[in-house]
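Asker: This is what each chain is made of:
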Amino acid sequence: MIKSRRQFITKTLALGTYGITITTGILHSPIVAAKWLKQRFILSDYDETIAHLFNGETLIDNHNKIKISRLPRIAENGAVVPIKISSHFEKITKIYILVKNNPHPLSAEFEISPAIEAEVSARLKMAKTSEVVVIVEADGKYYRRLKKVKVSIGGCGG
Amino acid sequence: MSSIKIRTKRLNGNTQIRTLITHPMENGRNRDEQNNFIPAHHILELWVEHNHVKIISCNMAGSISKNPYFDFLLKGGEIGDTVTISWIDNLGQSDSKNQLIK
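Residue numbers (our numbering), protein chains in the order written: chain A, 25 to 182; chain B, -11 to 90.
No lab work stands behind these hints, which were simulated from the structure alone.
Incorrect hints may have been included.
[To be verified] Computed cross-link-like contacts, BS3-like style, restricted to lysine-lysine with a CA-CA straight-line distance of at most 25 Å:
1. A:Lys108 <-> A:Lys118
2. B:Lys(-3) <-> B:Lys85
3. A:Lys124 <-> B:Lys54
4. A:Lys165 <-> B:Lys63
5. B:Lys54 <-> A:Lys174
6. A:Lys118 <-> B:Lys90
7. A:Lys124 <-> A:Lys165
8. A:Lys115 <-> B:Lys42
9. A:Lys152 <-> B:Lys(-3)
If we strip away everything but chain A, and leave its shape as in the complex, we get (with noise of 0.2 Å):
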């Protein structure tokens, strides 16, 4: 029972920091951050992607400092198309993955800390003939890689 003035203060006050730490932390989970980054990669239009992702910036095509190896020209199974990226940009931030075709043209995107050299490799889906389009943002500038692949067999159902 709350007998006097100053009891009924703490102890409202220890309800209120609970209520606190209980609504920050549904906020902060993980769950709630991952649905609200999922936005973008439910965009079905390519162009439409890249304006979501770049805001109008320009990108700087075809540029050397970019490798993409790994990548078939012909991939015979759309389901598993592996793709390696390294590039020389120093201050390298993020580094997104998108098929053209797709029906959700971005892939993956890949935010990267100064602790890893600039070489990422993965293996994507691809529902049909398409081309691969790799940026990377580096010093706040963003450079384009395009290379198409011709898909035999679609990896993205039907």
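Once you've looked at the hints, dock chain B against the given chain A.
Answerer: Coordinates of chain B only, in the frame set by chain A:
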């Protein structure tokens, strides 16, 4: 059993981190035998920590292959350092694994 496999290898003073994750990566567009859509179930975020400091994170969609494979090259890295890889998917499942650099 953990869903994450990690292999580390020292390469010219750098460390290569390779990882293979067991995950269906359904994008919600495939159909089962009864011609119903298989609900989407894919990883949303994967992140790698080196000695408990986040070094790279990857947001992805269902268009990454089933049982995704990634490799990264870490600058430096000493024998005995810990590498942690964690992921979370759209159904809220997650997993994490620690590995010492050999």
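Asker: Against this structure, judge whether each hint is valid.
Answerer: Tested hints:
no., hint, verdict
1, A:Lys108 <-> A:Lys118, "holds, 15 Å"
2, B:Lys(-3) <-> B:Lys85, "holds, 17 Å"
3, A:Lys124 <-> B:Lys54, "holds, 20 Å"
4, A:Lys165 <-> B:Lys63, "holds, 23 Å"
5, B:Lys54 <-> A:Lys174, "holds, 20 Å"
6, A:Lys118 <-> B:Lys90, "violated, 28 Å"
7, A:Lys124 <-> A:Lys165, "holds, 21 Å"
8, A:Lys115 <-> B:Lys42, "holds, 16 Å"
9, A:Lys152 <-> B:Lys(-3), "violated, 35 Å"
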